[in-house]
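Asker: Given the structure of chain A, go ahead and fit chain V onto it with the hints provided.
Sequence order for the protein chains is A and V.
Under our numbering, the first residue of the first sequence is numbered 1, with each subsequent residue one higher.
Under our numbering, the first residue of the second sequence is numbered 1001, with each subsequent residue one higher.
Heads up, none of these hints are tricks.
Far from chain V, by Cβ distances over 10 Å, these chain A residues were calculated:
| id | residue |
| --- | --- |
| 1 | ASP190 |
| 2 | PRO205 |
| 3 | SER296 |
Computed beta-carbon distance windows for the label pairs:
| id | chain 1 | residue 1 | chain 2 | residue 2 | range |
| --- | --- | --- | --- | --- | --- |
| 4 | A | GLN302 | V | GLY1150 | 42 to 48 Å |
| 5 | V | GLN1320 | A | GLU266 | 30 to 36 Å |
| 6 | V | LEU1043 | A | GLU266 | 50 to 56 Å |
| 7 | V | PHE1212 | A | LYS299 | 56 to 62 Å |
Simulated from the structure, these hints should not be mistaken for lab results.
Just so you know, even glycine gets a beta-carbon here, dropped at the ideal spot from N, CA and C.
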Amino acid sequence: MKLTPKITLLAAGMLAATSLSACAGGSAPSGSAAGAQPKLAFIQGVAGDEFYVSMQCGINAAAKSAGASVNTQGPAKFDPTLQKPIVDSVVASHPDAILIAPTDVAAMQAPLKAAAAAGIKVILVDTTVQDPSFASSAIASDNKGGGLEAFKAIKNLNPQGGKVLVISTDPGVSTADARVAGFEEGAKADSSFQYLGVQYSHNDPAEAARLVSAALAKDSDIVGVFAANTFAAEGTATGVRQAGKQDQVKIVGFDAGPAQVKQLKEGVVQALIAQEPSSIGTQGVEQALKAIKGESTQKEIQTGFKQITAENISGDGSQYVYKSSC
Amino acid sequence: MTTTEATSRTAGTVAELSRTRSLRQVLQIQSFQILLVLLVIFLIFAALAPEVFPTWGNVRQIIQNVSILGVLGIGMTFVIVTSGIDLSVGSNLVFSGVVAAKVMQAMGGSGWGTAIVGIFVAVGCGLGWGLLNGVLIAKAKVPPLIVTLGTLGAALGLAQVITGGVDIREVPEVLQDTIGYGNVPGTTLPTISLIAMVFILLFGIVLHRTRFGLYTFAVGSNEESARRVGVKVDRQLISIYVLSGGLAGVAGILSLSQYGTTAIAGQSATNLNVIAAVVIGGTSLFGGVGTIFGTVVGLFIPAVLQNGFVIVGIQPFWQQVAVGAVLVLAVYVDQRRRAAAARGQSTKAGGKKAFFGRRSH
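The shape of chain A in the complex, shown without the other chains (with noise of 0.2 Å):
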């Protein structure tokens, strides 16, 4: 047991490291002058989710209008524990302004205040913090108001009334929330509705099939079925369809990926409340840009949503579906 050489090499490594520390303490973080090209940062809630590509390509748009750079990132999952490493760097490489999508209020509160107080301004996109008084702006659509729409359109394809269900993604995401609330608020001041609560799908549409399959079995007379988000959507469709109970299920999703929207054409969902993420990310950079000059924003902006049906799908509801690529 002699460890003379172990020790000899964490020595050296430890060198290494102070060595290093030590060169990394000259170069100082420089912030871009003033009046060169603004660079702002968007991290999304999750990559590759066209909800977000769709605001990417209203931030990519915008930018490039207004001659600003944008480095755009985002975690693998809609999980907290992996986007604050990814707010960290950000942060590190010191952008003029972030717009991000948070993944959770209380644990993407004190990074993001920590930037906001490094400098940076901070425009909160689609979901919230607990305190977003450090915010230049927080731009959203009106969730609970979507909800609510939700309701309405479930109601509009059974004017009879009967049990409803909500399949959420994770508590704790505020728009999801808010949707939810809007929801239930609906449903419960409607005396022909039976609200059955809520389901968490985690994100995960396999998760979702599993729930709706569940409550389909507990309740087999479920008339309805609000998919909070485009995870949920898929999810249900598929838990639905396992039931074999398409004719008798109504889904209304919230958002309008090419998923959706073929669901949709296919009439496995009846109803789709599309947001506008391309609006919320040209507004962003909108206001990022205001508060990089120090002029005021405005500190809360609603966006609004759009009902698509098999109707006006390929009239005035196509310009609302989301896009996979800009």
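Answerer: Okay, now just chain V, sitting in the frame of chain A:
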């Protein structure tokens, strides 16, 4: 897998003493190789983004973000050295955090009194799951992969049962302010990283300098011969899984402090990330070989890659590709070394020539 194990066992019994020594030498080389890889990656990014990447502010946040995984990596190194595996660490972390948060919520208050109770509860929960893992593996002889796959699901499921799937966000402020985002007084070193470093040093000494550590290697090299020379293998295995569980409990409270939420849906890939880091660090999945130092370096490679890619502005998906490649490469080097050791070439050829895997056979 079985053939390699069988042959290396023969080699082990023939010359136990000289083998341990030669292995140590090879080990040092492996850790050093991986450290070189890390340095190269670091230097590349430093060259690409000289004003941002190699600054203390940036390095500091990498260290901070690696800290929780570092605590988990210690336990995982012990477990993998015994040729076991612990898939349950992420779920155990979540469970411990949830129970601690629940207790602290019930107690109310945001001072140290509540926080300390929470810390003990989290560690206690972690130890409990570790004990369950250990007993099932050592006494009931259920393979570690299956036992910890079972507790992976069970711990996460129970965490969801306790909370109804709703994250608890009432974490005492002292935890968040001091451990989660605080610095060691008078420095800019994150407290959470200091805690991780203390654990790493402590258990590095335990693994590499104590009888407990020696027995851990013995059990991992050859369980049967360890038993024959009088090592209480069952007790050793149970202690190691208890250690891994307890450290997951520690990580649970650290995670609560850092994120201010139980993040039940998170941590789903934590176990695999930690296992990957341990393996990248030169610890062999077949047991008997490994260092805590290697694990720490192994944790920094994915973290530095991700940080660098984000700063340089490369698509985030590439980080996973790069880490996957490094992982497979590390296991390949391990396999080559094992094959060479089985052919009895381990000692003599182990000079500086063998830096990048031995080619001479």
